[in-house]
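Engineer: Note that the protein sequences, when read in sequence, are chains A and B.
Going by our numbering, the first sequence opens with residue 986, and the numbers climb by one from there.
Going by our numbering, the second sequence opens with residue -19, and the numbers climb by one from there.
Hints listed in this document are in silico derivations from the structure and should not be mistaken for laboratory results.
Just so you know, not all the hints are guaranteed correct.
To be verified - Quick list of in silico lysine-lysine cross-link-like pairs, BS3-like style, CA-CA up to 25 Å:
id : chain 1 : residue 1 : chain 2 : residue 2
1  : A       : K1363     : B       : K(-18)
2  : A       : K1363     : B       : K288
3  : B       : K149      : B       : K6
4  : B       : K111      : A       : K1511
5  : A       : K1511     : B       : K106
6  : A       : K1427     : A       : K1438
7  : B       : K56       : A       : K1437
8  : B       : K284      : A       : K1363
9  : B       : K288      : B       : K(-18)
10 : B       : K56       : A       : K1438
11 : A       : K1212     : A       : K1199
Unchecked claim - If you anchor each label on the Cβ, the simulated ranges turn out as follows:
id : chain 1 : residue 1 : chain 2 : residue 2 : range
12 : B       : E71       : A       : F1459     : 49 to 57 Å
13 : B       : T70       : A       : K1363     : 53 to 61 Å
14 : B       : E81       : A       : R1501     : 52 to 60 Å
15 : A       : S1132     : B       : E214      : 51 to 59 Å
16 : A       : K1161     : B       : E50       : 51 to 59 Å
17 : A       : Q1502     : B       : D145      : 21 to 29 Å
18 : A       : A1153     : B       : E81       : 41 to 49 Å
19 : A       : L1465     : B       : R36       : 47 to 55 Å
20 : B       : R34       : A       : K1161     : 48 to 56 Å
21 : B       : S82       : A       : P1514     : 36 to 44 Å
22 : A       : W1424     : B       : K284      : 41 to 49 Å
23 : B       : E81       : A       : F1459     : 54 to 62 Å
24 : A       : K1161     : B       : K149      : 48 to 56 Å
As the list claims (entries may be wrong) - Not close to chain A: a few residues of chain B, all C-beta gaps over 12 Å, as computed:
id : residue
25 : G33
26 : F46
27 : A49
28 : A97
29 : G141
30 : P189
31 : T229
32 : Q239
Even glycine gets a Cβ: it sits at the ideal position worked out from N, Cα and C.
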Amino acid sequence: MATPTSPPVDQQLFVRKASGLIKGWSSIDGFRYSFFSVNLFLGIYGSYYASTVPGGSLFWAIVVTTVIVVTGVLVYAGLIAAMPRAGGDYVWQTRIFNSPIGFVLAACGWWFILWQWIPIYASLTVGSFIKPIFRIIGFNGGADWLSSKNGIFISSLCVIAVASLLVAIGMKAYAKFQVWAVIIGLVGFVAALIILAVTSKHGFQNAFNRESLKLYGTKDAYNGVVKAGGTGQPSGVFSGSIWPTLQLVPFMCFWLLWPNWGATLYGEVRGAKDFRKNVYAMGGGLLSAAFLGLIFILLIAKTMGYHFFMASQASQGVYASEYLSPVAMVTWIVNSPAIQVLLLVMLSLIVFGWWGTVFLSSTRVIFAAAFDRILPEKAAAVTSGGVPWVALLLMAIPSAVVSALYAYTTWFARLTYDATLVIAVTFLGSGLAFMIMPWRTKGIWASSALPKKKILGIPWMSVIAGIYSAFLIFNLVLWLKDAVYGVNDWKSLVFMGCLYAGALLIWVIAAITRRRQGMPLEAVAKEIPVE
Amino acid sequence: MKVRLFFATDVHGSEVCWRKFINSAKHYDADVLILGGDMTGKAVVPIVDLGSGRYRYSMQDQRHEFQSAEELAGHKRLIRDHGYYPVVMTEDGVRECSQDESKLEAVFERARLDTIAEWIAWADEKLADTKIQCIVCPGNDDKHDIDAILATSSRIMVGEGNVIDMPDKYQLVSSGWTNLTPWDTPCEEDEDSLRTRIEAVVAQATAPPERLVFGLHAPPYDTALDVAPKIDWETLTVQGQDQAHVGSTAVRAVIEEVQPLLSLHGHIHESRAAVRLGRTLAINPGSSYVEGVLSGVLVELEGKDKVKRYRLTSG
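Just chain B, same shape as in the assembly:
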């Protein structure tokens, strides 16, 4: 039996990428869909309600003004497709958010959770009456509170910390946690803790290594999958043309020790690559969510010791 698996990651709030992900099973004729983490967006775009049905907002250094409910819906969609959360508020509301961190936090939380709930509802509808297995795993940028919303889905399985059975006795071992980053994100920890966490999930697996698939958000250290511009941790600025390996030593160690058939990663958007670590094929399809393009990888599992057929895609 041949299992066709499509993996994408790091959609970061982009609604167009989420929709493409859900539709990708049909597009690529995939049996299993896996989203590798970082579902939630990074920013809220305040749309100022100017009264009398008029609105204004700025995005990408461009100012937009319009005055109809229809246009409002269109602009909201544009903002969502870009990975941001559109929130309509008054000028006073914008001012309050800029001055009061707790109010801004509340706006963010509501936008984030409401969006996930809407995405889940849309996905349930699209995947109804299909045999497609859809697995979603949060990443280091996603707070744990989205797990509960994901769990309400009738069609989506939550990957975080779980071993999930896939067709033909393959199993997925997944975790969205990463090694430390300069951004102090919700799901990151030091390498020792990360290794302990991953090993605990691997220990739950019953399939042999040649039937195991890892879905670990952090890429293995010192590979083509983890190269990023070197940045100053204080100022968060790029250090010239310097590049650095920023993946996880824990992830690499576990891959080399367990030697799963396939290891799927994300986290480093610009490091789209595939490498072999012993028997294991490790892939980071990268992310192009900013452009509204879903970067992914299509893999065929054919019951062999090694993955022979895969293709990095841009949809």
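Here chain A stands alone, though its shape is the one from the complex:
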């Protein structure tokens, strides 16, 4: 039945009652997911990288990275608008490029390398929150055990177990938890900012020395940290030369590159309004996390002293033999163990609200590849309750192996530096795919709700995709060229080479098998003639 709608002058559509005419994922849901993905504490955890390039400005590196990653937000909002399908980068790249490119890049970026992220999630959570809480409550045995090889391994297994459980039970309950996690976490974060704002540098020094003596038995700790950090630390949060500041950008990608992490979860898009809505959601997540991160670092510089802060990060493992959690140091200002623990628990929710996302995209890519029959049908098997058990095993078992290598060997931990690079390569694939979409898949481009305006005959969406791709290439060049990022040594290159070779091998085996069966893989994504 047809239903009349709004006034006639700008009447766009007359719609009838038909299934599927619904409003999509709300902006606030998208924002929340994006905010968790560009995780504040990943940024704070990674701020120690600034100590490795002393001539750069951390503040301006965050600003520059954030501004350019906005182009990535536009690219992914565009891809979602044009091809809103589960599987995300895999689907876009297989459809716009071809099956092998799409599979190899997506399998490495959304499947294999996420095994590496498990120990990162565990290390961040344990170092920033769990161990400081244990120290405050006097459970030093627990804190020490968490620093042991077994502790590192078991904490990684906990991440695997929780992430698997969340995929198994579905996102419904987790989504509700996320709502409260972001509210409580942000309340805690604002409280931390206020504490920093109203505390003098002298007040912090006293509090730091007091707690260090109490928790670690260390006297005159403030000066000890500065001394342990050495003399080559950055002097100010703003000060820095242009090139060293740009050298910090690849480090900033560690937390700012992920506003599009939930790109595959956005609903069916029907108009430019939805395109804009997704831009606002992902962009909002990026900008708000970056803004809060900048405020935090500025207040840290004011209250702790930037030189001390950098020294505390540079001297990890030297002082008291463990990571000095910036947020824990903030809570130490309050001379009350109960409030310190409460604040850390509240802040930790921003990390726990993020844990559930680590396996979600992987399972979707595995499913999409199984439906295209690159992976066996079994890879998409679900239990009667809808649990994607094979896909989960394909994540959980290798993640456990990687976590064991991370915990029990001395050489493997360094390979986690590849974790950002490999995903960036996948994003580069999608950036380039979106750039050529108006020419390569004309029909999809024409029927999409994307803005079609041009600059010098080139769609401005392609120009934006070009800027995003150039940004990623810039980072890749630095990663591969400069030893400071820890990824251009032969072990790292061999490791990444094995990932890509492994993915390609899977594709080749599937291609040969399917061709023998009379259903070539290439036909899956090839466009059917229209006329």
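Fit chain B to the given chain A structure using the hints.
Structural biologist: Frame of chain A, contents of chain B only:
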């Protein structure tokens, strides 16, 4: 003998997807084509005739103005490819349609039926002189009046409520009816009635279960084929990230009881998946009609008890 079957569904008025569907037999080397329902579009786009050969319309929040018959044809095609019906009318006509439900209903009906007739004519021409068997089954969004137009085709067989013989003694049992939806669409009913309806069609089949193919628009309940965003039935808005199983318990019960070789479904566009329910391989290839992409599944029937070879496609 090997029978190669291509199934797609939910093209929702997208002309480009319809054309791709008809051309898919050659593209995928298929013997049988099956369209699983929801052929008709959801919206009319009024193209305002401004006089003196000038036209204006808005779609996807973008306004288009042009002034030639050639451009008009191009824009009509663009609108049709998107799954909407382009209708040229005056500003007064647009105003009347927005104020008078019966006039809008008439415009919709004419656009819908005319489009189906054009599609049928095009398909008859393309499939002439081929051995391809083409079966079309309406879905819950399609009114029954299109059945009569489909029946005029020289090459298309109408699936609704029928058992259709396919090559190598396979039979297709099909129905486009679904369980209740929040949209009160033309072909939906409660689960008991739906089960009775499906069982009545199954009862007409003479082939054994291992030669039976179900083409039921609604997917089986509580599978990977029927997961959709949970929505409020009053406001038709998504409830956060909540998802729900929205398939049919009747469909699932009949599949589990009869255990056909293959069961093909649609209806839930975002639930592209394949699952095994006992011996039966149940597949929902999903729909990407909004993008002009034909999502489908290519299945090989090899005379065995179970389907071994299938591939979800995006053309």
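Engineer: Any of the earlier hints contradicted here, and which numbers?
Structural biologist: Result: no hint breaks.
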